[in-house]
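The lines below spell out each chain.
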Amino acid sequence: MTGLSTIDIVIIIAILLTETFLSSLASYFLKKSSPADGGNKLKILLSPFFYLGGVLYVIAAASNIYLLQKLPYAIVLPLGSITYIWTMFLSNRLLGEKITFRKILGMCIIIVGVVLVALGKN
Amino acid sequence: MLESLKRNGKGIILLLISAFSLALGQLLWKWGMKDLELAAEIARGIPGIWTVFLHVLPGFAVYAIGAVVMTIGLGYGELSVLQPINSMSYVFALILSAIFVRDEVISPITIVGVFVVVAGVIVIGGSSKK
Numbered sequence: 000m001t002g003l004s005t006i007d008i009v010i011i012i013a014i015l016l017t018e019t020f021l022s023s024l025a026s027y028f029l030k031k032s033s034p035a036d037g038g039n040k041l042k043i044l045l046s047p048f049f050y051l052g053g054v055l056y057v058i059a060a061a062s063n064i065y066l067l068q069k070l071p072y073a074i075v076l077p078l079g080s081i082t083y084i085w086t087m088f089l090s091n092r093l094l095g096e097k098i099t100f101r102k103i104l105g106m107c108i109i110i111v112g113v114v115l116v117a118l119g120k121n
Numbered sequence: 000m001l002e003s004l005k006r007n008g009k010g011i012i013l014l015l016i017s018a019f020s021l022a023l024g025q026l027l028w029k030w031g032m033k034d035l036e037l038a039a040e041i042a043r044g045i046p047g048i049w050t051v052f053l054h055v056l057p058g059f060a061v062y063a064i065g066a067v068v069m070t071i072g073l074g075y076g077e078l079s080v081l082q083p084i085n086s087m088s089y090v091f092a093l094i095l096s097a098i099f100v101r102d103e104v105i106s107p108i109t110i111v112g113v114f115v116v117v118a119g120v121i122v123i124g125g126s127s128k129k
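Residue numbers (numbering that gives the first Met the number 0), protein chains in the order written: chain A, 0 to 121; chain B, 0 to 129.
Quick caveat, the hints were computed from the structure, so don't treat them as lab data. Wrong hints could be hidden among the right ones.
To be verified - Here are the simulated DSSO-like cross-link-like pairs (lysine-lysine), alpha carbons at most 27 Å apart as the crow flies:
id: 1; chain 1: B; residue 1: K5; chain 2: A; residue 2: K31
id: 2; chain 1: A; residue 1: K42; chain 2: A; residue 2: K31
id: 3; chain 1: A; residue 1: K120; chain 2: A; residue 2: K31
id: 4; chain 1: A; residue 1: K69; chain 2: A; residue 2: K120
id: 5; chain 1: A; residue 1: K31; chain 2: B; residue 2: K9
id: 6; chain 1: A; residue 1: K97; chain 2: B; residue 2: K9
id: 7; chain 1: B; residue 1: K9; chain 2: A; residue 2: K42
id: 8; chain 1: A; residue 1: K120; chain 2: B; residue 2: K33
id: 9; chain 1: B; residue 1: K29; chain 2: A; residue 2: K69
id: 10; chain 1: B; residue 1: K29; chain 2: A; residue 2: K120
id: 11; chain 1: A; residue 1: K69; chain 2: B; residue 2: K33
id: 12; chain 1: B; residue 1: K29; chain 2: A; residue 2: K42
Modelling step: build the complete structure from the supplied sequences, incorporating the hints.
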């Protein structure tokens, strides 16, 4: 992490927040393109939301690769879990899904797990 | 919890399959890239066409299939329950690399982390109340 100026760090945080938000937004659009139970699954391929979600994922992945050039894998990997926090927020705002204690607990456990996985890879 | 697993069940299974495809796609990519670098070193910039066909393109295809499977899966439950299951791709990636790559030592902390991720997915998978 040596050699990073304050501006570098601000830029990295901005990219990180944007990238995780886009990744979460991508999964929202994919969900939007997906018919509920019983619907015709081929409709997915005709939905513009599917491709919008795909493009957002690619942008997020590219930003992630950029971050990996600036920061070690063991830091980038766990920070990617911010995506789950965005998803909980978006699915509450846009889809009316409830934020429950259990969901928050599960998310925190997953984040701890990802941090451990990354630590072990260091 | 059982009720949630039943309601989101199909979605959970499909998301697990897509997480697996993600890990598999990554592995194929990693192999492909390694081979390409190797080929570039040996042949001075001529990438092995077989590498492209055997690893890079299949890697893309597996990714794309994973995305479609994930999208179908998201139709079967809550986004806030299903999306975090993506984190299982780390677990699958480790298992796949332990089986096929075997060039890196997996530390005990990572193994503990894998179990913690699985526990988190179980907690969140059984959390839906609608």
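To see whether the hints hold, each was checked on the structure:
| no. | hint | verdict |
| --- | --- | --- |
| 1 | K5(B) to K31(A) | holds (22 Å) |
| 2 | K42(A) to K31(A) | holds (11 Å) |
| 3 | K120(A) to K31(A) | violated (36 Å) |
| 4 | K69(A) to K120(A) | holds (17 Å) |
| 5 | K31(A) to K9(B) | holds (17 Å) |
| 6 | K97(A) to K9(B) | holds (20 Å) |
| 7 | K9(B) to K42(A) | holds (18 Å) |
| 8 | K120(A) to K33(B) | holds (19 Å) |
| 9 | K29(B) to K69(A) | holds (20 Å) |
| 10 | K29(B) to K120(A) | holds (16 Å) |
| 11 | K69(A) to K33(B) | holds (21 Å) |
| 12 | K29(B) to K42(A) | violated (33 Å) |
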